[in-house]
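Residue numbers (the numbering used here), protein chains in the order written: chain Y, 5 to 442; chain B, 239 to 520.
FYI, nobody ran anything at the bench for these hints, they're computed from the structure. For clarity, every value in this text was computed on a predicted model and none was experimentally measured. Heads up, a few of these hints could be off.
Claimed, not checked - Okay, derived cross-link-like pairs now, EDC-like style, lysine to aspartate or glutamate, Cα gap no bigger than 16 Å in a straight line:
1. Lys390/B with Asp268/Y
2. Lys490/B with Asp268/Y
3. Lys304/B with Asp76/Y
4. Lys307/Y with Asp378/Y
5. Lys325/B with Asp378/Y
6. Lys334/B with Asp346/B
7. Lys304/B with Asp88/Y
8. Lys234/Y with Asp384/B
9. Lys414/B with Asp394/B
10. Lys304/B with Asp428/B
Stated by the list, open to error - Far from chain B, by Cβ distances over 10 Å, these chain Y residues were calculated:
11. Trp46
12. Asn80
13. His113
14. Pro242
15. Tyr243
16. Val254
17. Asp380
18. Ser420
Every residue gets a Cβ at the ideal spot worked out from N, C-alpha and C, and that includes glycine.
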Amino acid sequence: MSGHSTYEPKTAIERWLDTRLPIVRFGVDLMDFPTPKNLNYWWTFGGILAFCLVVQIVTGVILAMHYTATADGAFNSVEHIMRDVNYGWLIRFIHANGASMFFLAVYVHMFRGIYYGSYKAPREVLWLLGVIIYLLMMATAFMGYVLPWGQMSFWGATVITNIIGSLPVVGPSITTWLWGGFAVGDPTLNRFFSLHYLLPFMIAGVVVLHIWALHVPGNNNPTGVNVKSKADTVPFHPYYTVKDGFGIAVFVLLFATFVFFNPDGMGHPDNYTPANPLVTPSHIVPEWYFLPFYAMLRAVPNKLMGVLTMFGSIGMLFILPWLDTSRVRSMRYRPQAKWFFAVFVVACLILGVCGGHEPDDLWLPSAGGFTLWDSDLFSYTWVARVFALYYFAYFLVITPLLGLLEQPLPMPESISTPVLSHPATVPAGAAASPEKKG
Amino acid sequence: MLRKALVIAAVLGFAAAQPALAHTSAAEPKDIHWSFEGPFGRFDQEQLQRGYKVYHDVCSSCHGMKLMSYRNLGQLGGPFFDKRWEKNPNDNGYVKALVKDFQVPDIDGDTGDVIKRPATPADTFVSPFANEAAARASNGGALPPDLSLIIKAREDGPRYVYSILTGYVPTPHGLKVPAGKFYNPYMPGDMGSYWSGPADKIPVGGFIGMPLQLTANRVTFDDGVAATPEQEAKDVVAFLAWASEPHQEERKKMGFAVMLYLLLFTGVLYASYRTIWRKIDH
Chain Y
5 MSGHSTYEPK TAIERWLDTR LPIVRFGVDL MDFPTPKNLN YWWTFGGILA FCLVVQIVTG
65 VILAMHYTAT ADGAFNSVEH IMRDVNYGWL IRFIHANGAS MFFLAVYVHM FRGIYYGSYK
125 APREVLWLLG VIIYLLMMAT AFMGYVLPWG QMSFWGATVI TNIIGSLPVV GPSITTWLWG
185 GFAVGDPTLN RFFSLHYLLP FMIAGVVVLH IWALHVPGNN NPTGVNVKSK ADTVPFHPYY
245 TVKDGFGIAV FVLLFATFVF FNPDGMGHPD NYTPANPLVT PSHIVPEWYF LPFYAMLRAV
305 PNKLMGVLTM FGSIGMLFIL PWLDTSRVRS MRYRPQAKWF FAVFVVACLI LGVCGGHEPD
365 DLWLPSAGGF TLWDSDLFSY TWVARVFALY YFAYFLVITP LLGLLEQPLP MPESISTPVL
425 SHPATVPAGA AASPEKKG
Chain B
239 MLRKALVIAA VLGFAAAQPA LAHTSAAEPK DIHWSFEGPF GRFDQEQLQR GYKVYHDVCS
299 SCHGMKLMSY RNLGQLGGPF FDKRWEKNPN DNGYVKALVK DFQVPDIDGD TGDVIKRPAT
359 PADTFVSPFA NEAAARASNG GALPPDLSLI IKAREDGPRY VYSILTGYVP TPHGLKVPAG
419 KFYNPYMPGD MGSYWSGPAD KIPVGGFIGM PLQLTANRVT FDDGVAATPE QEAKDVVAFL
479 AWASEPHQEE RKKMGFAVML YLLLFTGVLY ASYRTIWRKI DH
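In isolation and in its complexed conformation, chain B is listed as follows:
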């Protein structure tokens, strides 16, 4: 993201606004390359399905995705998109099948009672907690962030989230970790006041409320891909990156058509300009 920002800044003649934090530090995110990066980047549908499975089996017990509806999973570019139900992702057979597992809170229209009913593809993802207080109470005071936009809401989002998920290391000797917290070098933080080791060797990184989640075979992938921690992290990051802007593939594809059109149109205009000005000495 910073590198990208630098390029943009160069275009505009400005150097990038580099976020510099007085005493906070974090390890440089791991350098992972993604199929969905860059103008030609595309999502791998099988990876999105695996990523959704990781989210569903692991993340969703604490993290909601309030901006996502089940129907999104079946729309163009989504993990369960299928041409048969192109017109209306609400009809998507896979989505219809997977929503059966969910119960959503509702009001009974006849009695006014608070009830739970089976989800439909039009429903938003079920939240793991009824409200913020409940979420904090179950997580030692920490609030598991909503993941709908997590990739966009972090600098260098895909690498950052991947690094957090796979970046847990044994706590360095001399670091006092508060109860219910975990040390992660990729989490921004200031370890100075928790450190009793040499002053010039304060560990980079910070504390996170989430313990290590992605271990080998935490999920079983239906397509037989080996569920290593790295694979699980990669897949769930791909899914979250797609969910942060579900239309991004469509955007890039349209971009190529638009650029092609504009290049031709610019050429026509330039030719018209030269023709019209031909007789003017200027």
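Chain Y with its partners taken away, still in its complex shape:
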């Protein structure tokens, strides 16, 4: 970790341990880490995510004590947890809703990273590790959703594993290998359970790397301006432990509202029917946090191209640090980028809406009847196409070009400047127009 250590062992035991395993020093330095003093509430989502991971692992370990990973027993064992295990209903509802809350938090965290340019040098590795965590989360959540072995579990697993089967040459082999047979069945459930238990610990491992990579350059901050002096920072503890703590508490209020008063609200009724390979639900939908990707998958008429589009949409996140040509980190000082970003967030939300509807449904029922190419112009298919196009254009066209064309606003010289003396000074090399933004 960067920065010099402030720890001074005070007792003989501490001095003895410090020369052998400086674990106390490590903890003290971690808590003492100089953190920009202007981090806003969007920065509390890092702590919120750590909280979510711990909650999911603790509740998950307990659920695993009562769960049976067989096609015959899984559904009933989940109901046994709901009905007969002491507070099993509470643990299961926390775990099931916790997955949704985890994704809600990770999306806020990612949008925050994009808005404030937290992926830019020297934080590219930090960002990449974050994208890897997100991928692991998606795999974990998908496999976790299969475990209750309800109708949506089974058919969701069937749809998603078949998607992989569309990859050329290796696809069918990978699918057979994932299934452990020639269809989703008992072996699939067993290996998904095993992997669902494994991946969270891999996430925890990558989170350690993520925090390590955070502590080398230090936190970004809402101005995007580098920390210049000690006056710009405060120690992590108590300043950010208490602020993150408050953020977590507010988040838990929302979390608890779902767990106690609408625990099935984000689930699908079909998953309370045991899996039946002979009956296909009329409408197979993933959980809400996958809907934007599901919309992109279905927006493309060719199956393989649809799959590539879907994976490509996440691939964009991996190359984002090198697509952005702007030298200004925070969009606070990027008057145009701000608007393109806002549309990007809306595009992701609309893609989510499209993913929840049948592709042929009309979003404006009265206006239907005009077919363009293969679908009605007013169908969700076309909405998904328009916004999927924007999604990719945002990364591949807007982000690279805007950095070259945009005239950024004057930035403060340091984090403390806009706070202590409000009229912002114009940095050398920036546009000379006297803007009043700050």
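Following the hints, put chain B in place on chain Y, whose structure we already have.
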């Protein structure tokens, strides 16, 4: 359920995933309000007892409830809960009395013979059929679904089940109903190929294997409540809603304590935050 989903979706910034079916249709469920809905919703124990009676006297001849044990009827929040046997619902006098009517299949420990023995509160509800094949054979090929989770397994479960039970109407002229099936506007289905009337007037709804069950005085309620079809349907839906998640009242009650605690704790944290940051210009 859809309305609820919409609220949630708004919270998350997503519109709801509205299940839209290409040609399937069903009538909008009847707008009934239930005592057990919402954060403050509670079950009425007398209604649960009446509902259990409807299930026992009518539904259970075809529908099992495999996830339910008799002891559940006597647990906290259940139809026959009584404080006297709070510690162990297996000891509940009412439950002990009512299980006497049931014979459960078992193996004789001495001879290995397949036998039937009287049920105990620890036994799961007796299934009406030995297996799925037997159930289908007795019901013209249709499988009466298990009712343990029926309320949770259907969109807008309580209103849907109530509407099905009370929604039988005379078959519209021009609709050819297959043998052993019945028309119900609240059952999702596609009537197009059974319809010989005007093409723009295809009836909504579908076919169901179950004929009308709940008629006036089909059961006699012990508490003297008039057994109208609507009352019977309401009561049995309440019972099934309770059975779909027997701990739901406990969940809501605990929720209030948790929310109160969290609100106070959040306030304390906010005050600490303001105090600690007081001297920092940020």
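Checked hints:
Pair hint Lys390/B plus Asp268/Y holds up; C-alpha atoms about 8 Å apart against a cutoff of 16 Å. Only pairs whose Cα atoms come within 16 Å are accepted, and Lys490/B paired with Asp268/Y is accepted, the gap being roughly 13 Å. Straight-line distance between C-alpha atoms of Lys304/B and Asp76/Y comes to about 14 Å, which keeps the hinted pair within the 16 Å bound. For a cut-off of 16 Å, the pair hint linking Lys307/Y to Asp378/Y stands: about 15 Å separates their Cα positions.
Among the hinted pairs, Lys325/B with Asp378/Y is inconsistent with the structure: their alpha-carbon atoms are about 65 Å apart, more than 16 Å. As the CA atoms of Lys334/B and Asp346/B are separated by approximately 22 Å, the hinted pair breaks the 16 Å bound. With a C-alpha separation of about 14 Å, the suggested pair Lys304/B and Asp88/Y falls inside the 16 Å cut-off, and the hint holds. Between Lys234/Y and Asp384/B the alpha-carbon distance is near 67 Å, which puts this suggested pair outside the 16 Å criterion.
In summary, the hint linking Lys414/B to Asp394/B is not supported, as the alpha carbons are separated by about 29 Å, beyond the 16 Å threshold. With a C-alpha separation of about 31 Å, the suggested pair Lys304/B and Asp428/B falls outside the 16 Å cut-off, and the hint is violated. With a least beta-carbon separation of about 14 Å from chain B, Trp46/Y lies farther than 10 Å from that chain, consistent with its non-interface assignment. With a least CB separation of 7 Å from chain B, Asn80/Y falls inside the 10 Å interface cut-off, contrary to its annotation.
Listed as outside the interface, His113/Y is consistent with that label: its C-beta sits roughly 15 Å from the nearest C-beta of chain B, beyond the 10 Å cut-off. Distance check on Pro242/Y: its Cβ comes as close as 5 Å (rounded) to a Cβ of chain B, failing to clear the 10 Å threshold; non-interface status is violated. For Tyr243/Y, the requirement that its beta carbon stay farther than 10 Å from each beta carbon of chain B is not met, with the minimum near 6 Å. Taking the minimum C-beta to C-beta distance to chain B, about 6 Å, the non-interface status of Val254/Y is violated against the 10 Å cut.
The Cβ of Asp380/Y lies farther than 10 Å from every Cβ of chain B, with a closest approach of about 13 Å, so its non-interface assignment holds. Distance to chain B contradicts Ser420/Y as a non-interface residue, since its nearest Cβ pair spans about 8 Å, not more than 10 Å.
Going through the hint list in order, the structure does not satisfy hints 5, 6, 8, 9, 10, 12, 14, 15, 16, 18.
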